[in-house]
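Each chain is listed here by its residues.
There are 2 protein chains.
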Amino acid sequence: MSDSIKYLLDESQMPKHWYNIAADLPEPLPPVLHPGTLKPLGPDDLTPLFPMALIEQEVSTEREIEIPEPVRQVYRQWRPSPLFRARRLERVLGTPAKIYYKYEGVSPAGSHKPNTAVPQAFYNRQAGIKKLTTETGAGQWGSSLAFAGALFGIEVLVFMVRVSHDQKPYRRALMETYGARCVASPSSETQSGRAILAKRPDHPGSLGIAISEAVELAAQRDDTKYALGSVLNHVLLHQTVVGIEAMAQMEMAGDYPDVIVACTGGGSNFGGIVFPFLGAQLRGGKKVRIVAIEPAACPSLTRGKYAYDFGDTAHLTPLTKMHTLGSTFTPPGFHAGGLRYHGMSPLVSHVKQLGLIEARAYHQISCFEAGVQFARAEGILPAPEANHAVRGAIDEALRCKQEGVSRTILFNLCGHGHFDMQAYIDYFGGKLKDLDYEESELAMALAGLPSVAAA
Amino acid sequence: MSDSIKYLLDESQMPKHWYNIAADLPEPLPPVLHPGTLKPLGPDDLTPLFPMALIEQEVSTEREIEIPEPVRQVYRQWRPSPLFRARRLERVLGTPAKIYYKYEGVSPAGSHKPNTAVPQAFYNRQAGIKKLTTETGAGQWGSSLAFAGALFGIEVLVFMVRVSHDQKPYRRALMETYGARCVASPSSETQSGRAILAKRPDHPGSLGIAISEAVELAAQRDDTKYALGSVLNHVLLHQTVVGIEAMAQMEMAGDYPDVIVACTGGGSNFGGIVFPFLGAQLRGGKKVRIVAIEPAACPSLTRGKYAYDFGDTAHLTPLTKMHTLGSTFTPPGFHAGGLRYHGMSPLVSHVKQLGLIEARAYHQISCFEAGVQFARAEGILPAPEANHAVRGAIDEALRCKQEGVSRTILFNLCGHGHFDMQAYIDYFGGKLKDLDYEESELAMALAGLPSVAAA
Numbered sequence: 001m002s003d004s005i006k007y008l009l010d011e012s013q014m015p016k017h018w019y020n021i022a023a024d025l026p027e028p029l030p031p032v033l034h035p036g037t038l039k040p041l042g043p044d045d046l047t048p049l050f051p052m053a054l055i056e057q058e059v060s061t062e063r064e065i066e067i068p069e070p071v072r073q074v075y076r077q078w079r080p081s082p083l084f085r086a087r088r089l090e091r092v093l094g095t096p097a098k099i100y101y102k103y104e105g106v107s108p109a110g111s112h113k114p115n116t117a118v119p120q121a122f123y124n125r126q127a128g129i130k131k132l133t134t135e136t137g138a139g140q141w142g143s144s145l146a147f148a149g150a151l152f153g154i155e156v157l158v159f160m161v162r163v164s165h166d167q168k169p170y171r172r173a174l175m176e177t178y179g180a181r182c183v184a185s186p187s188s189e190t191q192s193g194r195a196i197l198a199k200r201p202d203h204p205g206s207l208g209i210a211i212s213e214a215v216e217l218a219a220q221r222d223d224t225k226y227a228l229g230s231v232l233n234h235v236l237l238h239q240t241v242v243g244i245e246a247m248a249q250m251e252m253a254g255d256y257p258d259v260i261v262a263c264t265g266g267g268s269n270f271g272g273i274v275f276p277f278l279g280a281q282l283r284g285g286k287k288v289r290i291v292a293i294e295p296a297a298c299p300s301l302t303r304g305k306y307a308y309d310f311g312d313t314a315h316l317t318p319l320t321k322m323h324t325l326g327s328t329f330t331p332p333g334f335h336a337g338g339l340r341y342h343g344m345s346p347l348v349s350h351v352k353q354l355g356l357i358e359a360r361a362y363h364q365i366s367c368f369e370a371g372v373q374f375a376r377a378e379g380i381l382p383a384p385e386a387n388h389a390v391r392g393a394i395d396e397a398l399r400c401k402q403e404g405v406s407r408t409i410l411f412n413l414c415g416h417g418h419f420d421m422q423a424y425i426d427y428f429g430g431k432l433k434d435l436d437y438e439e440s441e442l443a444m445a446l447a448g449l450p451s452v453a454a455a
Numbered sequence: 456m457s458d459s460i461k462y463l464l465d466e467s468q469m470p471k472h473w474y475n476i477a478a479d480l481p482e483p484l485p486p487v488l489h490p491g492t493l494k495p496l497g498p499d500d501l502t503p504l505f506p507m508a509l510i511e512q513e514v515s516t517e518r519e520i521e522i523p524e525p526v527r528q529v530y531r532q533w534r535p536s537p538l539f540r541a542r543r544l545e546r547v548l549g550t551p552a553k554i555y556y557k558y559e560g561v562s563p564a565g566s567h568k569p570n571t572a573v574p575q576a577f578y579n580r581q582a583g584i585k586k587l588t589t590e591t592g593a594g595q596w597g598s599s600l601a602f603a604g605a606l607f608g609i610e611v612l613v614f615m616v617r618v619s620h621d622q623k624p625y626r627r628a629l630m631e632t633y634g635a636r637c638v639a640s641p642s643s644e645t646q647s648g649r650a651i652l653a654k655r656p657d658h659p660g661s662l663g664i665a666i667s668e669a670v671e672l673a674a675q676r677d678d679t680k681y682a683l684g685s686v687l688n689h690v691l692l693h694q695t696v697v698g699i700e701a702m703a704q705m706e707m708a709g710d711y712p713d714v715i716v717a718c719t720g721g722g723s724n725f726g727g728i729v730f731p732f733l734g735a736q737l738r739g740g741k742k743v744r745i746v747a748i749e750p751a752a753c754p755s756l757t758r759g760k761y762a763y764d765f766g767d768t769a770h771l772t773p774l775t776k777m778h779t780l781g782s783t784f785t786p787p788g789f790h791a792g793g794l795r796y797h798g799m800s801p802l803v804s805h806v807k808q809l810g811l812i813e814a815r816a817y818h819q820i821s822c823f824e825a826g827v828q829f830a831r832a833e834g835i836l837p838a839p840e841a842n843h844a845v846r847g848a849i850d851e852a853l854r855c856k857q858e859g860v861s862r863t864i865l866f867n868l869c870g871h872g873h874f875d876m877q878a879y880i881d882y883f884g885g886k887l888k889d890l891d892y893e894e895s896e897l898a899m900a901l902a903g904l905p906s907v908a909a910a
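Taken in sequence, the protein lines are chains A and B.
Under this note's numbering, residues 1 to 455 are what the first sequence spells out, in order.
Under this note's numbering, residues 456 to 910 are what the second sequence spells out, in order.
Please keep in mind that the hints were generated in silico from the structure rather than gathered at the bench.
All residues carry an ideal CB built from backbone N, CA and C; glycine is no exception.
One or more hints might be untrue.
Said to hold, decoys possible - If you anchor each label on the Cβ, the simulated ranges turn out as follows:
1. A:202 <-> B:710: 55 to 61 angstroms
2. A:201 <-> B:678: 56 to 62 angstroms
3. B:884 <-> A:38: 43 to 49 angstroms
4. B:896 <-> A:434: 51 to 57 angstroms
5. B:884 <-> A:202: 31 to 37 angstroms
6. A:199 <-> B:624: 32 to 38 angstroms
7. B:760 <-> A:202: 56 to 62 angstroms
8. A:284 <-> B:707: 38 to 44 angstroms
All chains should be built: construct the whole structure from the sequences, respecting the hints.
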């Protein structure tokens, strides 16, 4: 029996640069707007929130941006991460397709998130920042920033969406083990939190609210900045180590993807694996089909509007043009908490708008089904978010079987599910439901989009 | 700042053989006795429980035993595992010592246990076995055998100590995700389980009882065998991939350990990292100080008697000469469930008796303290069992600081603690206690040891 195969790069092959897709876009990104004036933002407008090094990356159009050596030193703990050919899964499916996956669950915090948490902590430390505030949904980002903060001696305060905070005490415990403080959001520690609690003391929270709280605190103090785990250009930039490595590993395997599949919440694991391949295509290289998989209960790419919107609920953040369900949209409480965001990364939205990628929405039960099938074949238990990518890849492989053709499928297994076992228990116990949002709520949220004159 | 360093072997350097310390022992192991006759056992006596390939390994005195290629293929998913120089931890401790750790938490099930679960499933599959029964305490072994069973198409039934079964639903869910069935022990599925439940329906269970249940079922059917996750010679043999790799990695680092530290429950992660170094020493190589760390609440090496005893409570297993607290001893419910066993591997007991290793017992709170310090410095959250090794290594490093000398310390970080977060929550909440056994209970259990004429 031929077994699954691991492709591992030598440490010397770990990327020295991140890849910036802004250099290769056929059209530039629409400008970011100031929340007060609705006019295009200058770099200085972002200084209350981010150190200048990150702001420069946010607006850069350089193709390659050097990864600082102290960041590479930390990356080396788990990078280059392995790429696997899932031959055991192929056999179970009886597909002629070749399925490869990049595994990002090998990081200490268990997902791709440390790829950006580490440089963000590094640049903030370099700028003399003492404290970082952030938000987290499922907890993968919060624990990654807690990890990075511990390494660089930065205090970390995490606003965790209340429903996740209460359902996932183990994620919170992981953040606390790393030395971070984790607060249920909405909280009484901020004005925006208190305003919401005054109206509804048992509010379950949302990523949009947690962002408002974190941004509010960061803006108040010079020694405190804000960190975001997805959506922004510099976050996706940092994640491109995933795709750059994957390109070298596919070359090791003597293969090249026909299809790349990744799940999308804010878009960072998607951009991370996809952009280096898409950039090569934009520069005249081989064309790749690219499929974004999103949850049917929070379908920004497939059902959202491509429009200017705020990143948070209290409208403290700048406005970006993106696929959005509206900043007041509250998605139902499905298990992939990392995908429960009303908006989508402007970069991912832009390439979707340009017709360079496809998007599909899945309900959660079929994703868990795929995750269990994957775990039994390949031994790795995926996070609920990653199960969306697994489902997408399996569906592509089954289509190959149906059509009797072999294609090379690559997907991003962005994290393990060790802290999401309650979701699996619910799945096995038949308690999982395929949740849907209310059409009327979506319509209302979309109707509430800010009216912005075309830039 | 000089960061922690990873030493990673090339796949081509993955061991092709396991190392069998029986070849280098200055005195042979005392014989194993039949539970009925109390006479030395022949290989045939073990055939109801194990396939012949494993029985041969159990009694072999060949120095090198080849790792079958299908086992190496599965090993390659996570092996060779990394060895790290913990420079960030060294800096936090301010020690002149060099601290290295071998990290076995990279396996799909999260610990060293798949190193033996995979070959055990392979040999059973080769012998046409359809089903394996086993026991588990903390759940690391049960989930590892479930993983291996899924890969080789073998049904797995796990008897999980009831107190762990009820406290750790997530470990159970992991086993079920891999397709195994997990039953709380004592159960009504076996005669030995029913006998205990009849006396005490709410019995919390113990590893000794769970072993009785698993052995009873395996002995009844030709297509069913039994698998053990520690203690036996062949299990420790399989774990030597850890130490063989570590030797090559220490050579990469241009260093050699003065001290090796590992935790001991049944002895398998300890034997795995220690025996290749100890064997080299026995063949005339450099002398290494070797320190076994055990829980003060279940201190077989430091407080047990070196005597013949049963491996289980119902006395269905053969008798081995080992350090034991008595098969009726029930340790208090501390959090490192993988170390809650009344006996110790005969091989580890033997080298202890020969004065080749030291042993120390620690209470749990100081071990969690060490684990949190390690997590904040190195980013990896250790399992409660592994925290004992971390504490031991930190204490050695602090002694170096006190004495103003540098020594090279190597320890085995045998697994991550992702499924043990409740223990960390209890630790942070001040709810953890340093448990002790009752001296009178230990005396009674030791008095009940079977009387066996000197072999």
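Verification of the supplied hints:
1. A:202 <-> B:710: 55 to 61 angstroms: With Cβ atoms ~57 angstroms apart, the hint holds.
2. A:201 <-> B:678: 56 to 62 angstroms: Holds, since residue 201 of chain A and residue 678 of chain B (Cβ atoms, about 60 angstroms apart) stay within the stated range.
3. B:884 <-> A:38: 43 to 49 angstroms: Holds, since residue 884 of chain B and residue 38 of chain A (Cβ atoms, about 48 angstroms apart) stay within the stated range.
4. B:896 <-> A:434: 51 to 57 angstroms: The hinted range 51 to 57 angstroms holds for residue 896 of chain B and residue 434 of chain A, with Cβ atoms some 53 angstroms apart.
5. B:884 <-> A:202: 31 to 37 angstroms: violated (24 angstroms)
6. A:199 <-> B:624: 32 to 38 angstroms: About 36 angstroms separates the Cβ atoms of residue 199 of chain A and residue 624 of chain B, which means 32 to 38 angstroms holds.
7. B:760 <-> A:202: 56 to 62 angstroms: Hint holds: Cβ distance 59 angstroms, inside 56 to 62 angstroms.
8. A:284 <-> B:707: 38 to 44 angstroms: Between residue 284 of chain A and residue 707 of chain B, where Cβ atoms are some 42 angstroms apart, the hint holds.
The earlier numbered hint that this structure contradicts is number 5, and it is the only one.
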